[in-house]
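*Asks:* Here are the chains, one letter per residue:
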Amino acid sequence: MTDELPRTDAAADSVGDTQFAAGEPLLRIEGVAKRFGTFRAVDGVSLDIKSGEFFALLGPSGCGKTTLLRMLAGFEAPDQGRILLGGKDIAQALPHERPINMMFQNYALFPHLAVRDNIAFGLKRAGMARADIATRVAEMVALVKLDGLEKRKPDQLSGGQRQRVALARALARRPQLLLLDEPLAALDKKLRESTQGELMELQRRLGMTFIIVTHDQEEAMTMASRIGVMRDGKLAQVASPRELYEAPRSRWIAEFVGDINLFDGESKLRDGHRLVIGTRDAGALVVAEPREPVGAGKFSVAIRPEKVKLSRRGPVREAGHETAINQLDGVIADVCYLGGTTTYKVKLDAGGMLQASVANSARLDVDAYGLNQPVVAWFTPDDCVVLPS
Amino acid sequence: MRKISRLSRFNIASLALGLAFLYLPILILVIYSFNASRLVTVWGGWSLRWYHEFFNDRAMIEAAWMSLRVAVSSATIATLIGTLAALALSRGERFRGRTLFSGMLYAPLVMPEVITGLSLLLLFVALNAERGFWTVTIAHATLTMCFVAVVVQSRLGSLDRSLEEAAMDLGCDPVQAFVAVTLPLIAPAIVAGWMLAFTLSLDDLVIASFTTGPGSATLPIRIYSEVRLGVKPEINAICTLVIALIAVVIIIASLASKLSSSRGESAAPL
Numbered sequence: 001m002t003d004e005l006p007r008t009d010a011a012a013d014s015v016g017d018t019q020f021a022a023g024e025p026l027l028r029i030e031g032v033a034k035r036f037g038t039f040r041a042v043d044g045v046s047l048d049i050k051s052g053e054f055f056a057l058l059g060p061s062g063c064g065k066t067t068l069l070r071m072l073a074g075f076e077a078p079d080q081g082r083i084l085l086g087g088k089d090i091a092q093a094l095p096h097e098r099p100i101n102m103m104f105q106n107y108a109l110f111p112h113l114a115v116r117d118n119i120a121f122g123l124k125r126a127g128m129a130r131a132d133i134a135t136r137v138a139e140m141v142a143l144v145k146l147d148g149l150e151k152r153k154p155d156q157l158s159g160g161q162r163q164r165v166a167l168a169r170a171l172a173r174r175p176q177l178l179l180l181d182e183p184l185a186a187l188d189k190k191l192r193e194s195t196q197g198e199l200m201e202l203q204r205r206l207g208m209t210f211i212i213v214t215h216d217q218e219e220a221m222t223m224a225s226r227i228g229v230m231r232d233g234k235l236a237q238v239a240s241p242r243e244l245y246e247a248p249r250s251r252w253i254a255e256f257v258g259d260i261n262l263f264d265g266e267s268k269l270r271d272g273h274r275l276v277i278g279t280r281d282a283g284a285l286v287v288a289e290p291r292e293p294v295g296a297g298k299f300s301v302a303i304r305p306e307k308v309k310l311s312r313r314g315p316v317r318e319a320g321h322e323t324a325i326n327q328l329d330g331v332i333a334d335v336c337y338l339g340g341t342t343t344y345k346v347k348l349d350a351g352g353m354l355q356a357s358v359a360n361s362a363r364l365d366v367d368a369y370g371l372n373q374p375v376v377a378w379f380t381p382d383d384c385v386v387l388p389s
Numbered sequence: 001m002r003k004i005s006r007l008s009r010f011n012i013a014s015l016a017l018g019l020a021f022l023y024l025p026i027l028i029l030v031i032y033s034f035n036a037s038r039l040v041t042v043w044g045g046w047s048l049r050w051y052h053e054f055f056n057d058r059a060m061i062e063a064a065w066m067s068l069r070v071a072v073s074s075a076t077i078a079t080l081i082g083t084l085a086a087l088a089l090s091r092g093e094r095f096r097g098r099t100l101f102s103g104m105l106y107a108p109l110v111m112p113e114v115i116t117g118l119s120l121l122l123l124f125v126a127l128n129a130e131r132g133f134w135t136v137t138i139a140h141a142t143l144t145m146c147f148v149a150v151v152v153q154s155r156l157g158s159l160d161r162s163l164e165e166a167a168m169d170l171g172c173d174p175v176q177a178f179v180a181v182t183l184p185l186i187a188p189a190i191v192a193g194w195m196l197a198f199t200l201s202l203d204d205l206v207i208a209s210f211t212t213g214p215g216s217a218t219l220p221i222r223i224y225s226e227v228r229l230g231v232k233p234e235i236n237a238i239c240t241l242v243i244a245l246i247a248v249v250i251i252i253a254s255l256a257s258k259l260s261s262s263r264g265e266s267a268a269p270l
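Sequences listed follow chains A and B, in order.
Heads up: the first sequence runs through residues 1 to 389, numbered per the working numbering.
Heads up: the second sequence runs through residues 1 to 270, numbered per the working numbering.
Any given hint might turn out to be false.
[What the hints assert, rightly or not] Below 30 Å or equal to it, Euclidean Cα-Cα: the simulated DSSO-like pairs (lysine-lysine) are:
hint	chain 1	residue 1	chain 2	residue 2
1	A	K50	A	K234
2	A	K190	A	K345
3	A	K345	A	K298
4	A	K151	B	K232
5	B	K258	A	K153
6	A	K88	A	K50
[Unchecked claim] Residues from chain A that keep clear of chain B, each with C-beta distances beyond 10 Å, as calculated:
hint	residue
7	H112
8	A170
9	D329
No lab work stands behind these hints: they were computed from the structure.
Given the structure is predicted, the values throughout are model-derived calculations rather than measurements.
We put the beta carbon where it would ideally sit given N, CA and C, even for glycine.
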């Protein structure tokens, strides 16, 4: 264990270097599978994670993200596949043989040990000299801002403080890879948001590689540089937050990440780079052709609510601007004021329901729409995503 | 506790009645153990005469010593085996019939003592074992290990498994993780289990009388046979001493388990 420490020290010193170094990934997961009885918890997952990345595994409960994380930590052994850390297969190694540490969802602080001894626990096991342990503990305490609480027992700390102790304890050994299992799930909203920022700060400063497991898509989008969405034990999509949101690969991902309007239909005709898709609930929609060309058949047209604009009379058409615009008539069926935005549900004359999210850019409600008010909802073909049904 | 401070009169009355029902007989016994009179039912003033008598009664002292030795050894054996059983049932791999084993652990708790005693007697006779200190000790360990296992198992059940995982994650092999984390956290339950086993063994008359042999009577057996010939005030003195011993042990046991459960709460998330 001790021989790993200098190497990660070097990594910590090289803060400011390009985070995504070229070459070998730090962690390579190859065709990993795990079954519990007949249930395939993780089903053939392959993934590369580069050094210095902040990676999020996102998915609903039971999708296998925690099992995958536990296999990285060594609490479960994969039935199939390899887990390479720095080129070495660690799939069957025991937890204490891996230069990986984990922050547990419920923090798992040792209740019989003071904060200081909790943080020093792993250092003592690594056979570090007493004086070095004291220095490192002091460093960690300062890092997570726990000064003055070193002698407290975990049950004398608030939820946020416990979370920091758990983080300090996991970071103390300077692991090559830090795993975080729903690290903010137990905190209230305000604290969660500020802690998100602190975690990102810390990760950048230490230049460490973080893998976080979360079911909260907002949390994943805020913190991670890349997100892997898991469903039924498989990786459904691995992408940057923006790509995941704006170009989801499937209907399921589009619905899981953020709110979305979906209209099922069939491709009717092609006009240059435009496709016309006839939908049952919203009539004919003009959409931009996806990057990967699609043939004829059944599709879903997906539009994010904030891409939908509302107006009383329809879009202002600039002279010479010939962009085909989708215009749908309807009446306001529901208004939901959220502070920063207002979400309107528009009952379309064509039959369907369309959600539009409008920023409340003015303090007075001059722009607001009332219930049963007729409106025109419009959006451009580029705002639509075509997904296979 | 805040609610108890505002008791209604009815509550106070029912509490007083209940406590009187429980403790009045014991109180009378304790008071009469300091009776100077030779007759149990006649008060003859305060005296330590019967305590003096007891300490000069060789047969009684021997029986008390026997009881103590049996209680300590059977409690120790029961704690060892019971703790191991609890660990196997709550920490081991899920094996076939685990629920059955778990349930079987509770059976001796509800089994009539006569049946336990008789079956053990039959076993010892079949094995041709010489009945005496060891047969009583083994019989008591058999009964009390279930209590220990139940106490330790419930503690282990409330213990967060991720604590052991965290220890392993931080560099412990499974044995080190157990010694560094699990053992300190279940220690109060183990101590409480030992105390429980100790008092149960000290109390027991039925199983002991089935499994003991000539010349190795425990204190309850001795007292019972004396009482059949008429209650001597000396018995009151012995009983008072036993009550004092058991009270001390039970207080320590409950303090230990209280300590254990308050630690348990802190182990839970938030």
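*Asks:* Hint by hint, note whether the structure agrees.
*Replies:* Cross-check of the supplied hints:
1. Pair hint K50/A plus K234/A holds up; C-alpha atoms about 20 Å apart against a cutoff of 30 Å.
2. At roughly 29 Å between alpha-carbon atoms, K190/A and K345/A fall within 30 Å of each other, so this suggested pair holds.
3. Of the supplied pair hints, the one linking K345/A and K298/A holds, its CA atoms being roughly 25 Å apart against a limit of 30 Å.
4. Using a Cα cut-off of 30 Å, the hinted pair K151/A and K232/B is violated, with the two alpha carbons roughly 59 Å apart.
5. Among the hinted pairs, K258/B with K153/A is consistent with the structure: their alpha-carbon atoms are about 17 Å apart, no more than 30 Å.
6. Proximity of K88/A to K50/A is assessed by CA-CA distance (about 15 Å); at most 30 Å being required, the pair is judged to hold.
7. Not every beta carbon of chain B lies more than 10 Å from that of H112/A, the smallest distance being close to 5 Å; the non-interface claim is violated.
8. Remark: the non-interface label on A170/A conflicts with the geometry, its nearest Cβ contact in chain B lying 8 Å away (cut-off 10 Å).
9. For D329/A, the non-interface assignment is confirmed: its Cβ lies about 51 Å from the closest Cβ of chain B, beyond the 10 Å cut-off.
In this structure, the earlier hints numbered 4, 7 and 8 are contradicted, and the remaining ones agree with it.
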